[in-house]
Amino acid sequence: MTALLERTTRARPAAPARKPAPRKRRRDRAGYVFLLPWFVGMLFTIVPFFASLYLAFTDYNLLNAPRWIGFANFREMLADPLLRQSMKVTFLYTFISVPASLAVALLVAMVLNKGIRGLAVYRAVFYLPSLLGGSVAIVILWRHIFGANGIVNDLLGWFGIHGPGWTSDPDFSLSTLILLHVWTFGSPMVIFLAGLRQIPVMYYEASAIDGASKWQQFRSITLPLLSPIIFFNLIQSLISSFQTFTQGFVMSGGTGGPADSTLFYNLYLYQQGFSQFHMGYASAMAWMLLVIIAAFTAINFLAAKYWVFYEQ
Amino acid sequence: MSIVLKARPAEDSYFENLGNTRFVRFRRHLILCAIGIVMMYPLAWLISSSVKPNTLIFKDLSLWPAQFQLSNYTDGWNALQQPFSIYLMNSLVIVVLSIIGNLLSCSLAAYGFARLDFGGRKLFFALMLGTMMLPGHVLLVPQYIMFSKLDWLNTYYPLLVPNFLATNAFYIFLMVQFMRALPRELDDAARIDGCGPFRTFYRIILPLCLPALATTAVFTFISVWNEFFGPLLYLTDPELYTVPLALRQFMDSEGQSQWGQMFAMSFVSVAPVIGFFIAGQKYLVKGIATTGLK
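Top line first, the protein sequences correspond to chains A and B.
Its first residue numbered 17, the first sequence is counted upward by one per residue in my numbering.
Its first residue numbered 91, the second sequence is counted upward by one per residue in my numbering.
To be clear, the hints were calculated from the coordinates, so they are not data collected in a lab.
As the structure is a computational prediction, the values presented were derived from the model and not from experiment.
Take the hints with a grain of salt, since some may be wrong.
[Stated by the list, open to error] Computed cross-link-like contacts, DSSO-like style, restricted to lysine-lysine with a CA-CA straight-line distance of at most 30 Å:
#1 A/Lys321 to B/Lys212
#2 A/Lys321 to A/Lys104
#3 A/Lys321 to A/Lys230
#4 A/Lys230 to A/Lys130
#5 B/Lys212 to A/Lys130
[What the hints assert, rightly or not] Derived list of chain B stretches under chain A, where covered just means 3 residues or more per stretch with a C-beta under 8 Å from a C-beta of chain A:
#6 128-136
#7 157-170
#8 183-189
#9 193-202
#10 265-279
#11 317-328
#12 357-364
From the three backbone atoms N, C-alpha and C, an ideal C-beta is built for every residue, glycine too.
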């Protein structure tokens, strides 16, 4: 090895090859200085990342040292009925609220894109709720709007419908949170609107001359040209909605009730880790969620080949 | 992107008139207004209930209160262990420091990624993008243990320090996108005039990035102001509580059915977000369209 190195250095004139090195090092140094806070921050990410992987295979209650138990946490998870319930809640919530809110967002964005007076006002009104949807105040408000004698039931009463106690009935409590998610359709809507405005009007004009119907225009122009943005919104919404916590916590006062109907995965993780101090189990749960999210993202990326269309 | 997003009142009304009958236009506005009313109704109800006496909140259906009283605000302000101003101040301190931290650390990192060349840049950039997708709960347990070993529980450090360490990859990404759009010639000209990387950064690039910085500040404000999980985990001393934690106490003491006070303080807690939204709307809409932030 050293012989080889010597031969190569001798073969070439040493001076010009060596010269850029100090300058390169100085150039490198500037970059590292700018990234210094980020490097330290990455330590706060990478070390806990691997630490939690280790803890997932241990029994740890914060007081005694972690004890290695192999796959016992994961085996326990398979048999845990509450974990199954929390997954059911989270999947149900995600698979209804994400498509619903994206569909509403796309529809409203398309109407707004038709060219309309007062666009800025409409956009502001539709966007504002998405900034408030995750706040405690709004979840409290939601709880009372949908309460047994809240305004929703009063409104239904006008039509002679006797509404259920939305938040106290396990069959309906999750649906109120799904509605809360749909209420925040404004942020994907703004992204859709930006995407729609980049589709050249001439495509629509040309297709109209060829006799295309509105539905055909939507299928063959809007949908394909907007598909990268739909894809982006879908990934974003899926990842964030798998991690829902505040809504379930505040709605149920931290219990996930009634009858565990709002026991989101992360809420159950929090209960395991920070009420019962099953830190190892909580870590195993977190890794399971990571795997689920990664799997869904991967499936999406694979499926994207068949429906996402990139112009050039 | 900014050109595309700019509201174009003249053009909009031109397009609106184009090829649409009066009826079609009317129907379209009718639908949008209906959706708008449904969207805004909960907020209107919140404001209206905050000035109604408790006995009327769930009885008097009209949004315009038959009996108008501001005592919900004065009573609610002092209903918890601490006056509400303490919670507001706590939240404000955390928000302001978080904004400063994010602006400083993320703009430094963004400049490094966008403009400087160094060994491992591509790898680090990919790593940064990867952390954007990482669910936060994966880091939760070890971070909690680490913060408790550092004796940081019941302090604001766990909520603040990460913001000074550029852990929010979204904002870095936003700024990188923005900086990449700035002409390279500016950097070259500055270098010829004798600026090093640092001076180029804060004399040339940073002032031009003002819109991206404003977007970051507005988003940081809203997300930190609303944040519930971090404070719930790390703050147990009521004197340190932030506004969302304080509001939760109202829920716990709901047996006394002081709804009016609870709604009044709920409105106090969302009012700054609404205010910031109205003031910073331009930056929010631009930011969300470039990075897809919530």
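(request) Taking the numbered hints from earlier one at a time, note which ones the structure violates and give those numbers from smallest to largest. (result) Of the numbered hints given earlier, those the structure breaks are 5, 7, 8 and 10, listed in rising order.
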